[in-house]
Amino acid sequence: MSEPRKAVALISGGLDSLLAARVVMEQGVHVEGINFYTGFCVEGHTHAIRRKDRARPKRNNALWVAEQLGIKLHIVDIIEEYKQVVINPKHGYGANLNPCLDCKIFMVNKAREWIDANGFDFIITGEVIGQRPMSQRRDTMPVIARDSGAGDRLVRPLCARNLPPTLPEQEGWLERERLYDFNGRSRKPQMALARRFGFEDYAQPAGGCCFLTDRQYSVKLADLWETRGKREYEIDDIMLLKVGRHLRPRPHFKLIIGREEGENRFMEGYRKRFVHLIPLSHTGPLVLLDGEADGDDLELAARLTARFSHGRDAEQVTVEVTGRDGSARTLDVAPLPADEIPAEWYL
Amino acid sequence: MSTETVDARHLLCPLPVIRTQDTVAGLGPGDSVQVLCTDPGAIHDIPAWCRVHGHEVCDIVEQDGEIVITVRVGDT
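Protein sequences appear in the order of chains R and L. For the first sequence, position 90 (counting from the first letter as 1) is numbered 90 according to this note's numbering, and the numbering increases by one without interruption. For the second sequence, position 62 (counting from the first letter as 1) is numbered 62 according to this note's numbering, and the numbering increases by one without interruption.
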């Protein structure tokens with residue numbers, strides 16, 4: 001008996017890629033999963049950072065999917081290479097700073113490289129025509145196949161019957177009539193198929209699995225680029241955009257204010273790289289100052305720190321200000337009243 | 001049998017998993033990896049990754065906010 005054909009499935013952790021992989025496995029193909037970590041993935045760390053989220057069962061959805069399917073999952077760090085996708089997307093952005101079409105092309109291309117290097121035959125994605133406004137349209141799905149270099153080795157099992165036959169169908173590795181013809185935004189066909197396979201408790205993220213689809217996150221990233229005067233980022237930048245309140249009281253500096261113990265602890269790991277403030281006379285947040293600040297600015301930063309501490313109603317709060325060189329001093333300040341914090345300071 | 005150490009402290013999941021995966025790729029069956037991490041998510045994610053790849057989690061120790069996970073590489 002000949003060796004089964006081998007496919008790699010792009011596994012996001014959501015329902016569609018779970019089903020797509022399962023549909024192909026049902027036809028006797030050996031499937032392994034691949035999951036790309038861009039740094040913007042909602043998966044994982046937001047739950048890890050915020051203490052209030054720790055009571056929830058914590059799981060990596062892509063690994064959970066792999067366990068459900070009984071397949072291996074290869075998680076690939078693409079943080080550095082992905083920067084060009086975010087900074088300079090050929091096909092532009094969606095509603096926020098989400099470069100969904102370039103992102104999908106990039107990931108399918110990486111999967112193509114992976115199958116070539118590992119002796120696999122084709123690639124599976126959970127795409128469905130009409131499911132997403134940018135990357136999953138009738139006119140853009142062929143662009144993904146073409147620009148990724150995957151061509152007819154890219155199979156979308158959930159909507160394959162609405163698309164021209166791919167190589168695995170032409171070669172008889174997959175029976176076309178056992179693939180599906182889903183289209184549009186309805187989730188009902190997927191939910192019915194999940195029931196048929198006995199999948200329950202699968203993840204259904206409302207806005208997808210990427211922070212770049214989030215309006216508020218995109219505002220913070222745009223602010224970062226604008227104030228630095230260049231469209232660049234490091235992994236620590238994009239991590240810090242996920243935590244704390246971000247207030248920009250002056251063009252030349254912003255404050256990142258921890259909202260609770262878990263965030264404060266996470267920000268502790270960054271404090272030596274920033275001027276940072278912490279209330280001494282009252283409990284309160286760790287505050288990182290990103291940018292340059294002089295005497296008046298530091299006083300304003302201290303008053304804002306006091307505002308978000310338990311001394312917010314006190315006449316005076318003592319705040320410790322520590323420079324990047326480790327030198328510390330204390331400021332006794334009045335908390336800034338809430339009505340003196342303009343809404344536009346909040347990013 | 002060799003033992004490697006992965007320092008994944010202050011990295012958030014899935015990076016501790018990725019660092020473990022990349023180290024295991026260079027080892028053979030029976031070798032061990034000690035993963036140092038601080039993200040509590042690793043307590044769930046590294047064992048899940050081990051289960052899907054056929055590796056064994058021998059020990060998980062938490063102390064003073066640090067977690068040490070010992071993995072023995074399987075045959076797969």
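In short, the hints are calculated from the structure, not lab data. Worth double-checking, as some hints may not be accurate.
A partial selection of chain R residues facing chain L, derived with a Cβ cut-off under 7 Å [claimed, not checked]:
1) Tyr37
2) Leu63
3) Ala66
4) Glu67
5) Gln68
6) Gly269
7) Arg273
Remember, it's a predicted structure, so these values are computed and weren't measured experimentally. Glycine included, every Cβ here is placed at the ideal spot set by N, Cα and C.
Evaluation of the provided hints:
1. Restraint check, Tyr37(R) versus chain L: the minimum CB separation of about 6 Å is within 7 Å; hint holds.
2. With a cut of 7 Å, the hint placing Leu63(R) at the interface with chain L holds, because the nearest CB-to-CB distance is about 4 Å.
3. A cut of 7 Å between beta carbons decides the hint on Ala66(R): the least distance to chain L is about 5 Å, and the hint holds.
4. Residue-level restraint check for Glu67(R) holds (minimum Cβ-Cβ distance to chain L is 6 Å; threshold 7 Å).
5. With 7 Å as the threshold, the beta carbon of Gln68(R) stays out of range of chain L, its nearest partner Cβ sitting at about 10 Å, so the hint is violated.
6. With its C-beta approaching chain L no nearer than about 5 Å, Gly269(R) sits inside the 7 Å limit, and its interface hint holds.
7. Below 7 Å, beta-carbon pairs count as interface contacts, and Arg273(R) has none with chain L, the closest being about 12 Å; its hint is therefore violated.
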